[in-house]
Amino acid sequence: MIQLFQFLARQRVILLFLLLELVNVWAVFKYNAYQHTLYFNTTNQWAASILSTTQEVKTYHQLRIVNGTLARENAQLRTELLRLKSQQQPLTKLPYYVSEAMLNRYQAVASKVIDQSTSMSQNYLTLDKGRKDGIQPGMAVISSTGVVGKVMSCTDNLSLVVSVLHTSNSVSAKLKRSGELGYIKWPGYQSEVADMMDVSKYKKVVKGDTVVTSDYNAVFPPNIPIGIVAKVGLEKDDTFHDIKVMLFTQFATLQYVYVIKNRLAGQQAQLETTKPKAE
Amino acid sequence: MNFTFNFKWFFSVVFAIAIQVLFLRDIAIANVAFCFIYTWFLVKAPMQVNPLLLLLGAMAVGWVIDVFYNTHGMHAFACVLVAWLRPVYFRILTPANGYDERSSISLAEMKWLWFFSYLFLMLMSHHLLLFILEAGDWSLLGYSVLKALSSTLLGMAVFGILEFFNRSE
Chain E
255 MIQLFQFLAR QRVILLFLLL ELVNVWAVFK YNAYQHTLYF NTTNQWAASI
305 LSTTQEVKTY HQLRIVNGTL ARENAQLRTE LLRLKSQQQP LTKLPYYVSE
355 AMLNRYQAVA SKVIDQSTSM SQNYLTLDKG RKDGIQPGMA VISSTGVVGK
405 VMSCTDNLSL VVSVLHTSNS VSAKLKRSGE LGYIKWPGYQ SEVADMMDVS
455 KYKKVVKGDT VVTSDYNAVF PPNIPIGIVA KVGLEKDDTF HDIKVMLFTQ
505 FATLQYVYVI KNRLAGQQAQ LETTKPKAE
Chain Z
668 MNFTFNFKWF FSVVFAIAIQ VLFLRDIAIA NVAFCFIYTW FLVKAPMQVN
718 PLLLLLGAMA VGWVIDVFYN THGMHAFACV LVAWLRPVYF RILTPANGYD
768 ERSSISLAEM KWLWFFSYLF LMLMSHHLLL FILEAGDWSL LGYSVLKALS
818 STLLGMAVFG ILEFFNRSE
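Those protein sequence lines, which keep their order, are chains E and Z. Our numbering puts the first residue of the first sequence at 255, with every later residue one more than the last. Our numbering puts the first residue of the second sequence at 668, with every later residue one more than the last.
With the rest of the complex left out, here is chain E (with noise of 0.2 Å):
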């Protein structure tokens, strides 16, 4: 103790030296009006900058948080979404109205894909909301840019469901300009690319046209984004273009999907089986 202030009386000229200046200094930053300023803005931008780099640090471990909710809230405007489209008037004159049934029809439920693959032929994802979520096997599953696949099975808390990454599955789709009828068919090559098919070669096709669910799908709504016409090819003989098309779904980064509720595919379905067996 006692050599500490032997060393501080050692020192005693600098001490006091630094002691006068930081008033000196305080002083100045303090009574004179720009030089105020100066210290005020200067000191302003650092803990600004130090502040929103924090900022930026803690918003980083809340963003799987915000995501889930903004799946969620998402989920609820594609259900509403999708109502308010039905509710579109056709361009006829009749007295045509869209029954509540139909107006409630789609309703969007948002899910968490906890497995999936992309670089097989056959491709699933896996979900984690099951048949007590209300998910039923033969939904239609969607991402907020594009067209994911179909339900195949559920236990009670996770679904399976099938890509469109695979070669089995198809989705009646329609060009989105001249509203021509195909279906979607992924030949297995590249996660991005799909096969437009049964296009008639005598329709016109424009590349960049735009790729969308067809009214006549029975599993998923109507005018949902698939993907973008890449190339449009002609063979000699074929019936049909031979039309690539890009996926607006990005597989690889796909962390969210909503798995689309159609409320009356039973009854459509039971409908359906009542068509006279062909002979």
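Misleading hints may appear alongside valid ones.
Stated by the list, open to error - Computed beta-carbon distance windows for the label pairs:
| # | chain 1 | residue 1 | chain 2 | residue 2 | range |
| --- | --- | --- | --- | --- | --- |
| 1 | E | Q260 | Z | Y766 | 27 to 35 Å |
| 2 | Z | F783 | E | Q257 | 43 to 51 Å |
| 3 | Z | E768 | E | N298 | 52 to 60 Å |
| 4 | Z | F690 | E | T296 | 45 to 53 Å |
| 5 | E | T291 | Z | N717 | 52 to 60 Å |
What the hints assert, rightly or not - Residues from chain E shown here face chain Z by an in silico Cβ test under 7 Å; the list is partial:
| # | residue |
| --- | --- |
| 6 | A287 |
| 7 | Y288 |
| 8 | H290 |
These are computed hints drawn from the structure, not numbers from a lab. Built from N, CA and C at the ideal position, the CB exists for glycine as well.
With chain E's structure known, arrange chain Z on it following the hints.
Same frame as chain E, now just chain Z:
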């Protein structure tokens, strides 16, 4: 130090401050050269002065000037720093045979080369600090250095003339 010496010293300092704030505050040659005659006490203080006392004295004088110039803390800052750097300057300017213990700091005793180099160092550091702190802006650095340099030259001229009058002592 006997009592009369202190008294004379004190009055000289007060006189210098009075001249500074009453007359020299509003005078500038070509708007760049300012005279700071109150630094006289820093220049003339004996070499053996108690450094603590000098620091406190510099702080006090600087603060008084600040009050009149409305530059709170800037003159005090410069004065205290120069008071602290004085021993460093003495070390830099040590003559070949070392310092004579009894000599006072004057033109007659220390001769031209030493005195004016010492004066230049003291005044330059003081004025540079003062003007840069006052400007507060790095873009005005050139102008501040110009003011410091011209004020230093003016100060050296003024102190040289004053020393001339004391030569006979």
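Here is what the structure says about each hint:
| no. | hint | result |
| --- | --- | --- |
| 1 | Q260(E) with Y766(Z): 27 to 35 Å | holds (29 Å) |
| 2 | F783(Z) with Q257(E): 43 to 51 Å | holds (45 Å) |
| 3 | E768(Z) with N298(E): 52 to 60 Å | holds (54 Å) |
| 4 | F690(Z) with T296(E): 45 to 53 Å | violated (37 Å) |
| 5 | T291(E) with N717(Z): 52 to 60 Å | violated (39 Å) |
| 6 | A287 | violated (10 Å) |
| 7 | Y288 | holds (5 Å) |
| 8 | H290 | violated (10 Å) |
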